[in-house]
Amino acid sequence: MLSLYRPGDGILHRMPAGPKLLLLLALVLAVSLLPSWWWSAAVAAGVVVVVYACAGLGDGLLGMRELARQTLALRWLIVITLGLQSILLGPEAAVANTARVTAAVLLAGLVSLTTRLTDLLDAVERGLRPLDRLGLDSERAAVLLTVTLTTVPVVARLAGDVREAQRARGARPGLRFFAVPFLILSLKHADQLGEALAARGVR
185 MLSLYRPGDG ILHRMPAGPK LLLLLALVLA VSLLPSWWWS AAVAAGVVVV VYACAGLGDG
245 LLGMRELARQ TLALRWLIVI TLGLQSILLG PEAAVANTAR VTAAVLLAGL VSLTTRLTDL
305 LDAVERGLRP LDRLGLDSER AAVLLTVTLT TVPVVARLAG DVREAQRARG ARPGLRFFAV
365 PFLILSLKHA DQLGEALAAR GVR
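So for the sequence shown, the working numbering puts the first residue at 185; every next one is plus one.
Hints listed in this document are in silico derivations from the structure and should not be mistaken for laboratory results.
The beta carbon of each residue, even a glycine, is placed where N, CA and C say it ideally should be.
No false leads were mixed into what you were given.
Label pairs and their calculated CB-CB ranges:
(1) Asp316 with Ala363: 41 to 49 Å
(2) Lys372 with Ala210: 33 to 41 Å
(3) Asp345 with Ser216: 26 to 34 Å
(4) Ile271 with Ser216: 19 to 27 Å
Produce the complete structure using the sequences and hints provided.
Dropping the structure here:
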């Protein structure tokens, strides 16, 4: 299964998957609950910068190179969200809401970057195991939550790979030349994901 995990020895790499997931989820929740004011965008951006700087991603720039790459991969999400909300809610709310959404996605991506997928899956499954008494299948729920959490950064990485390959070949930019290889890579990833889930006995 395709994973974004990058080996390292930073704080988040050394932290167990369960506490790390709870910490980042708490940060996502805190950012999401910020009011729709101008300063909320600055707070959301500041939280992301600090967390990436402390993550120990080993990119030579205190995580800022990786943060820039992840943000660039989300540029269309940012543009569309900002544009639509500017029309519907006004500039202040649009900027604040877009910053909060972007921050939440970037923090979720950091989980994938610093945690092996198997460790993350095991941590979520352990956390949900007490709910088995209520009829919840903790293993299936853990798989669903883990796949959901890692899908956005994985798809963003696939999009980045397509763009880099096109630039290397000197291909003209455009949706038509981007969509076909991106769709092929996405379907290939879906097949790999299905095979990985089948290997774990998930049907």
